[in-house]
Amino acid sequence: MSAITLNNITKTYNKGAVLAVDDISFSVEKGELFGLIGPDGAGKTSIFRILTTLLLPDKGSATVVGNDVVKDFHKIRGIVGYMPGRFSLYQDLTVEENLNFFATVFGTTVKENYDQIKDIYVMLEPFKDRRAGKLSGGMKQKLALCCALIHKPEVLFLDEPTTGVDVVSRKEFWEMLARLKAQGITIMVSTSYMDEATLCDRIALILGGKILSLATPEETIKAYPEKLYAVKSSNMHKLLKDIRTNDEILNCYAAGEYIHLSLKNATKENENSLTKFLAEKGESDLVFKETTPTVEDCFIRLLGNTDGNSN
Amino acid sequence: METVIKTKDLTKKFGDFVAVDKITFEVHKGEIFGFLGANGAGKTTAMRMLCGLSRPTSGEAMVAGIDVYHKPEEIKKNIGYMSQKFSLYEDLTVLENIKFYAGIYGLSDKDIKEKSDELVEKLGLQSQVKKLVQGLPLGWRQKLAFSVAIVHQPKIVFLDEPTGGVDPSTRKQFWDMIYDASEKGITIFVTTHYLDEAEYCDRICIMVDGKIKALDTPSQLKQNYKVNNITEVFYQLARTAKRGDD
Chain A
1 MSAITLNNIT KTYNKGAVLA VDDISFSVEK GELFGLIGPD GAGKTSIFRI
51 LTTLLLPDKG SATVVGNDVV KDFHKIRGIV GYMPGRFSLY QDLTVEENLN
101 FFATVFGTTV KENYDQIKDI YVMLEPFKDR RAGKLSGGMK QKLALCCALI
151 HKPEVLFLDE PTTGVDVVSR KEFWEMLARL KAQGITIMVS TSYMDEATLC
201 DRIALILGGK ILSLATPEET IKAYPEKLYA VKSSNMHKLL KDIRTNDEIL
251 NCYAAGEYIH LSLKNATKEN ENSLTKFLAE KGESDLVFKE TTPTVEDCFI
301 RLLGNTDGNS N
Chain B
312 METVIKTKDL TKKFGDFVAV DKITFEVHKG EIFGFLGANG AGKTTAMRML
362 CGLSRPTSGE AMVAGIDVYH KPEEIKKNIG YMSQKFSLYE DLTVLENIKF
412 YAGIYGLSDK DIKEKSDELV EKLGLQSQVK KLVQGLPLGW RQKLAFSVAI
462 VHQPKIVFLD EPTGGVDPST RKQFWDMIYD ASEKGITIFV TTHYLDEAEY
512 CDRICIMVDG KIKALDTPSQ LKQNYKVNNI TEVFYQLART AKRGDD
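These protein sequences, in sequence, are chains A and B. The first sequence: position 118 = 118 (our numbering), numbered continuously. The second sequence: position 102 = 413 (our numbering), numbered continuously.
A hint or two may mislead.
[What the hints assert, rightly or not] Between beta-carbon pairs, the in silico distance windows are: (1) A:D58 <-> B:N540: 28 to 34 Å; (2) B:K382 <-> A:D201: 55 to 61 Å; (3) B:E425 <-> A:D119: 55 to 61 Å; (4) B:N540 <-> A:S61: 32 to 38 Å; (5) A:T109 <-> B:D327: 45 to 51 Å.
[What the hints assert, rightly or not] Chain B side only, calculated, beta carbon under 10 Å to chain A, not exhaustive: (6) R482; (7) W486; (8) H504; (9) L526.
Worth flagging that the hints you see were computed from the coordinates, not collected in a lab. Quick caveat, the model's predicted, so the values are computed rather than measured. Glycine included, C-beta positions come from ideal geometry on N, C-alpha and C.
Produce the complete structure using the sequences and hints provided.
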């Protein structure tokens, strides 16, 4: 049985003026770590709020562990954990008080389910008497995860848990998720960091309320339609400008240390004529090679097929 | 090379806590300077001192040729500032925002008119000028915020995580704007959590526990730490942090 199903879910705001979720259907299997990957405004939070029964869809149906999000909302609330994008714990309660509060609301105790949160809580323990509002970003994030886990949920919904968090804390957070997944918990997580996508079992790339692609990270990358090249030289900004003046270029943009580009027609001759063109433009220390696309490359490619939603 | 930011042993303490611990560095005119560090490393505190918003506890700092102790108000006229969290007034229109900022920075009515037209055209926002900013897609809002932050042609613009949450295509377009500003001689001082963006900087500085632990070009840093990308350099340094991010 699927842990989560969505069938033709649509959600609008402002009396239909804003289309947030546009006829979306997919399912998430039990024990899967499923990623919703997309920028702010893509519709990720609306999907989370519909699945956690906090928002009614305009159209379509959805289930969580076999329960309908409209009819069985009460049952769903008892078996899911939800970490909203905005910090939503009680700022003037301490770490310990917040945790006790959430345990009590779900009819359990911290003691009874301590093993569920132990790994994460040990990092918070030195601050257990500190008010939640006075915690740092990384610590707030850990406390919110503990509060979402304290009733041993079957499904965990995490809405942008790593936004604004530095790389080291982000890595630690994903290590925590891997351990939760190993315990059999189904996890649906959203992020705007493309590099986190590869840590999911399957990813949905989402923009403007629509799913652009849904597959494993490996399949997503494999589906990239063109040959992709990586180029660098001693003056990257000049290089990017020069490349843009070449008619054979389909797409090009800065990608970390390299510029990534694809050709309208990726033949050996065209590769050679491009390197010759760049040499004539006076690029020094030129490196030109074929490269494997990342999820970010795939996303940019799919954005190119939409009508400029990202401007 | 003209120096636009120069600090020596710049320090900020909050009680016993040393948020920024004797940092010494220089930034040159037109340079894109990446300011990196884990949450709590002291980046925001350092940036606030350089913007004239927070008085240092000790040490020296000159920003755009102005001493941060004596004339913090003067600094504000010579810099621009943009952050992901706050930049534009959401309940003002596009045009009202541009006019408001240009006015605040002391541009004449004639210049405000010229600048607004130029900016609207450059961003392709002609059809949006009378719309409230809150209705604009985030990517447009961020590009507009950056343009507004440099509307008075400041010597330096401080960007505090300017690209958080936007799609990768818009992020790339935003960096094109940064490059253009730098070519016009505006110095860019930028913080980010996207470490691929660190590669686009001329030099980067990595802070750990209030101190500068590394400062060099991206390629030199990778060579020094014998790794392939800046993320690895960052991991190696940030893991040495003792004070954590509390």
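Hint-by-hint comparison with the structure:
1. A:D58 <-> B:N540: 28 to 34 Å: violated (44 Å)
2. B:K382 <-> A:D201: 55 to 61 Å: holds (57 Å)
3. B:E425 <-> A:D119: 55 to 61 Å: holds (60 Å)
4. B:N540 <-> A:S61: 32 to 38 Å: violated (45 Å)
5. A:T109 <-> B:D327: 45 to 51 Å: violated (38 Å)
6. R482: holds (9 Å)
7. W486: At 6 Å from the nearest chain A Cβ, B:W486 passes the 10 Å test, so the hint holds.
8. H504: holds (6 Å)
9. L526: The hint is violated - B:L526 has no Cβ within 10 Å of chain A, the shortest such distance being about 18 Å.
Checked against the numbered hints above, the structure violates hints 1, 4, 5 and 9; every other hint is satisfied.
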